[in-house]
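Colleague: Chain by chain, the residues run as shown.
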Amino acid sequence: MVEFEVWAEKYRPKLLKNVINQTHVTERLEAFVKEKNIPHCLFAGSAGTGKTTCGLAMAHDLYGEQWRANVLETNASDERGIDVIRHKIKDFSRMKSIGNVPYKLVILDEADALTRDAQQALRRTMENFTRTTRFILICNYSSKIIDPIQSRCSIFRFRSLSEKDQEKFIDRIVKEEKLKISSDGIKALITLAEGDLRRVANLLQASSSLKKNITEDVVYEAASRAKPKDVEDMLKSIMKGDFKDARKKLHDMLLIQGLAAEDIIKEIHQQIYNLNIPEEDKIKLVDKTGEYDFRISEGGSGLIQLESLLAQFLLFSKKK
Amino acid sequence: MPWTEKYAPQKVVEVVGQKKAVDQFLIWLKSWKPGKKAALFHGPAGTGKTALVEALGKEKNLEIIELNASDYRSASQIKEVIGQSIKQKSLFKKGKIFFIDEIDGLAGREDRGGTGEIIKIVKESQYPIILTANNPWDVKLRSLRSYCQLIKFGKVFYWDIIKKLQYICEKENVKCDKEIIIQMAKRSEGDLRSAINDLETLARDKKEITLKDLDSLGVREREMNIFDVLKIIFKTKTAMSAKLSIQNTDKDPEEIFLWIEQNVINEYEKSDEIAKAYEMLSRADLFMQRVKKRQEWKFEKYMIDLMTAGVALAKKEMYRKFSRYQYPDRISFLGRSKATRAESKEKLLELSKKLHCSTKKIREEFLPFFKELL
Numbered sequence: 001m002v003e004f005e006v007w008a009e010k011y012r013p014k015l016l017k018n019v020i021n022q023t024h025v026t027e028r029l030e031a032f033v034k035e036k037n038i039p040h041c042l043f044a045g046s047a048g049t050g051k052t053t054c055g056l057a058m059a060h061d062l063y064g065e066q067w068r069a070n071v072l073e074t075n076a077s078d079e080r081g082i083d084v085i086r087h088k089i090k091d092f093s094r095m096k097s098i099g100n101v102p103y104k105l106v107i108l109d110e111a112d113a114l115t116r117d118a119q120q121a122l123r124r125t126m127e128n129f130t131r132t133t134r135f136i137l138i139c140n141y142s143s144k145i146i147d148p149i150q151s152r153c154s155i156f157r158f159r160s161l162s163e164k165d166q167e168k169f170i171d172r173i174v175k176e177e178k179l180k181i182s183s184d185g186i187k188a189l190i191t192l193a194e195g196d197l198r199r200v201a202n203l204l205q206a207s208s209s210l211k212k213n214i215t216e217d218v219v220y221e222a223a224s225r226a227k228p229k230d231v232e233d234m235l236k237s238i239m240k241g242d243f244k245d246a247r248k249k250l251h252d253m254l255l256i257q258g259l260a261a262e263d264i265i266k267e268i269h270q271q272i273y274n275l276n277i278p279e280e281d282k283i284k285l286v287d288k289t290g291e292y293d294f295r296i297s298e299g300g301s302g303l304i305q306l307e308s309l310l311a312q313f314l315l316f317s318k319k320k
Numbered sequence: 001m002p003w004t005e006k007y008a009p010q011k012v013v014e015v016v017g018q019k020k021a022v023d024q025f026l027i028w029l030k031s032w033k034p035g036k037k038a039a040l041f042h043g044p045a046g047t048g049k050t051a052l053v054e055a056l057g058k059e060k061n062l063e064i065i066e067l068n069a070s071d072y073r074s075a076s077q078i079k080e081v082i083g084q085s086i087k088q089k090s091l092f093k094k095g096k097i098f099f100i101d102e103i104d105g106l107a108g109r110e111d112r113g114g115t116g117e118i119i120k121i122v123k124e125s126q127y128p129i130i131l132t133a134n135n136p137w138d139v140k141l142r143s144l145r146s147y148c149q150l151i152k153f154g155k156v157f158y159w160d161i162i163k164k165l166q167y168i169c170e171k172e173n174v175k176c177d178k179e180i181i182i183q184m185a186k187r188s189e190g191d192l193r194s195a196i197n198d199l200e201t202l203a204r205d206k207k208e209i210t211l212k213d214l215d216s217l218g219v220r221e222r223e224m225n226i227f228d229v230l231k232i233i234f235k236t237k238t239a240m241s242a243k244l245s246i247q248n249t250d251k252d253p254e255e256i257f258l259w260i261e262q263n264v265i266n267e268y269e270k271s272d273e274i275a276k277a278y279e280m281l282s283r284a285d286l287f288m289q290r291v292k293k294r295q296e297w298k299f300e301k302y303m304i305d306l307m308t309a310g311v312a313l314a315k316k317e318m319y320r321k322f323s324r325y326q327y328p329d330r331i332s333f334l335g336r337s338k339a340t341r342a343e344s345k346e347k348l349l350e351l352s353k354k355l356h357c358s359t360k361k362i363r364e365e366f367l368p369f370f371k372e373l374l
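The listed protein sequences derive, respectively, from chains A and B.
With our numbering applied, the first sequence covers 1 to 320.
With our numbering applied, the second sequence covers 1 to 374.
Mixed in with the good hints there might be a few duds.
Derived contacts from chain A toward chain B, CB cut-off under 10 angstroms, selection only [said to hold, decoys possible]:
1. A31
2. G64
3. N75
4. S77
5. I155
6. K248
7. L255
8. Q257
9. R295
10. A311
11. F316
With a Cα cut of at most 25 angstroms, we get these calculated DSS-like pairs of lysine-lysine [stated by the list, open to error]:
12. K249/A x K360/B
13. K293/B x K360/B
14. K270/B x K240/A
15. K345/B x K316/B
16. K235/B x K244/A
17. K229/A x K371/B
18. K248/A x K186/B
19. K90/A x K79/B
20. K30/B x K10/A
21. K282/A x K236/A
22. K155/B x K251/B
23. K231/B x K88/A
24. K88/A x K37/B
25. K19/B x K36/B
26. K270/B x K248/A
27. K164/A x K178/A
28. K248/A x K211/A
29. K36/A x K90/A
30. K123/B x K88/A
31. K10/A x K353/B
32. K178/B x K163/B
33. K235/B x K316/B
34. K36/B x K249/A
35. K152/B x K96/A
36. K251/B x K152/B
37. K229/A x K282/A
38. K6/B x K207/B
39. K60/B x K11/B
40. K163/B x K231/B
Everything labelled a hint here was simulated from the structure, so no lab data went into it.
Built from N, CA and C at the ideal position, the CB exists for glycine as well.
Model the full structure from these sequences, guided by the hints.
Modeller: What follows is the structure, given as structure tokens:
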């Protein structure tokens, strides 16, 4: 891989005090670091507000150069089973730390993806190894974490970021990278990113690779290259009555690009309103979409359910 | 005693048609010392995996401590059965062997931690361990695989099956034409156990097997191919015949589901029929997932009815046309892309370390913008 620098990573704050607009959290975390005594923590908040960043920054502050040896960073969305807890995390927790901090740190990202069984197993591990290891659990919704774990953690809620906060972040990157961006360009970034600083950075970087002068149009162009375009194409095919082609596009998204069915259906739902069909048909389609979305969360397989949904769209297509 | 048992190999050399596997196994056994890898026999059903272990036990007078899929195999259960005895000497026999059958059948939920415990036992055992699996590449076995030497059991060649069947006929005093034996061997598709079972079914209390008897096994029926099934489902207008159509195939309902799903649009042309057929498939899928998730097999019948009769009745009129049915995309895709998928997964994992987020996040948030990352 050619060294390709991702701005979202490059501009991730290294120090707690540089994290944007979460002072209510960072102040307390800084106090923990100063005392070198960290309780188990639960960070909750929406995407791109600085949860992982705070976890990593704390690790840096605590261990300095030796942070890699003392920190286990794992992602529950990729390793959600009980095995991870039983083996990887347990084995790590057992061992003593290196350096002058008496315990190690496990940063468990996207902890709401852990199965309930895994969470139960985690609960024991947290108890048994408190002397050697502290946990930082990160999640979007703390309600998906079982009560016994919540009760063992100090809970920190990360605020959603205001437009001003996002502007501050954009400013930081623009200065450093010597970019030119118009004020409507900034507005567009903020609209599209919905308070997610990671997405701000990605959009900005993608836009800058398109044109030197970043305007509203450039930002939207960069954004439309992403996922929504594929869904739009798929819906176009199906509304022409070409089920075979739409099915192929769906397979491409699900199997080859590996997108999640939930995300595709979310996008479909948003795009129904742009379709060129009678208004009452839109409502019927929204109703259908909701039904199939429900079936997916009931455990139906994404591919079959989405195909079936497309087949329902056929009823509203030109072919009919 | 069933013939499969009666004519099971008593010595290692009697194992049919697996010379290479047997040789590999004997070499492994000879060089085995505590702490070395376990042997993992893998291959389709009826190829002699269990037979080899049992033959070895009889020949060398070894105690075989067995754990198969019928046993509950969570970590603690495994420990209970095997854990204590990994260091004890056998009371009556010369030695022992631990034999864990069908490890790909370890249930995710009920046998939680089973593979971890097996790994531990492999590391600590004072006696050789043999495992068997139909599919050694099952993700469940990923961690275990590195502690095993894989020994492959291929399908038994059909002349080896013929020889064995002839031998049994001779011993049992059954007269059977060579042609019939050849047929039987062929239809077993390399599964020696099923061939012997077939022979026994036909020959019990008889002195002679004729070609007509072979029909009673329902050879042709059993081999009704998937295309015929599709034809019935897509052409019939009666719920019952659609439903019964899948009884005579050897494919499991889940695979048949994929075949039906692939070919709805090759048969049906009207939008409302396609929509209705897919609605049925969608509901069938829900039941299928319920079977899988909860292990409640009672749901399977609903899945089957919906995907067969439901799809059959989605049409108003039978299409009087010849339809060319296709092989399911999904099966061929999964086969083709196994390697590339594994590779890109690896790259994603590497990225996920660098960018401090999950592979899902990377696919959704980064890749759409930066193709150059992969």
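Colleague: Each of the hints needs a verdict: does it hold here or not?
Modeller: Against the structure, the hints:
1. A31: 24 angstroms, violated
2. G64: At about 18 angstroms, which exceeds the 10 angstroms cut-off, the nearest Cβ of chain B leaves the hint on G64/A violated.
3. N75: 4 angstroms, holds
4. S77: Holds, about 4 angstroms.
5. I155: 21 angstroms, violated
6. K248: 8 angstroms, holds
7. L255: Hint holds; L255/A Cβ to chain B Cβ min 6 angstroms, cut 10 angstroms.
8. Q257: This hint holds: Q257/A lies near chain B, its Cβ roughly 7 angstroms from the closest one there, short of 10 angstroms.
9. R295: 6 angstroms, holds
10. A311: Holds. Min distance 3 angstroms.
11. F316: Status holds, d = 9 angstroms.
12. K249/A x K360/B: Judged against 25 angstroms, a Cα distance of about 20 angstroms means the pair holds.
13. K293/B x K360/B: 23 angstroms, holds
14. K270/B x K240/A: With Cα atoms ~14 angstroms apart, K270/B and K240/A stay inside 25 angstroms; holds.
15. K345/B x K316/B: 45 angstroms, violated
16. K235/B x K244/A: Cα-Cα ~21 angstroms, so holds.
17. K229/A x K371/B: Satisfied, since the Cα-Cα distance of roughly 15 angstroms is no more than 25 angstroms.
18. K248/A x K186/B: Violated: K248/A and K186/B sit about 38 angstroms apart, past 25 angstroms.
19. K90/A x K79/B: 19 angstroms, holds
20. K30/B x K10/A: 57 angstroms, violated
21. K282/A x K236/A: 15 angstroms, holds
22. K155/B x K251/B: 18 angstroms, holds
23. K231/B x K88/A: 51 angstroms, violated
24. K88/A x K37/B: 22 angstroms, holds
25. K19/B x K36/B: 23 angstroms, holds
26. K270/B x K248/A: 19 angstroms, holds
27. K164/A x K178/A: Distance ~20 angstroms between K164/A and K178/A Cα, so the pair holds.
28. K248/A x K211/A: 33 angstroms, violated
29. K36/A x K90/A: 22 angstroms, holds
30. K123/B x K88/A: 18 angstroms, holds
31. K10/A x K353/B: 14 angstroms, holds
32. K178/B x K163/B: 10 angstroms, holds
33. K235/B x K316/B: 11 angstroms, holds
34. K36/B x K249/A: Roughly 49 angstroms separates the two Cα atoms, so the pair is violated.
35. K152/B x K96/A: 43 angstroms, violated
36. K251/B x K152/B: 24 angstroms, holds
37. K229/A x K282/A: 20 angstroms, holds
38. K6/B x K207/B: Holds, at roughly 18 angstroms.
39. K60/B x K11/B: The given pair, whose Cα atoms are some 9 angstroms apart, holds under the 25 angstroms limit.
40. K163/B x K231/B: Violated. K163/B to K231/B sits at ~38 angstroms, over the 25 angstroms cutoff.
Checked against the numbered hints given earlier, this structure breaks hints 1, 2, 5, 15, 18, 20, 23, 28, 34, 35, 40; the rest are met.
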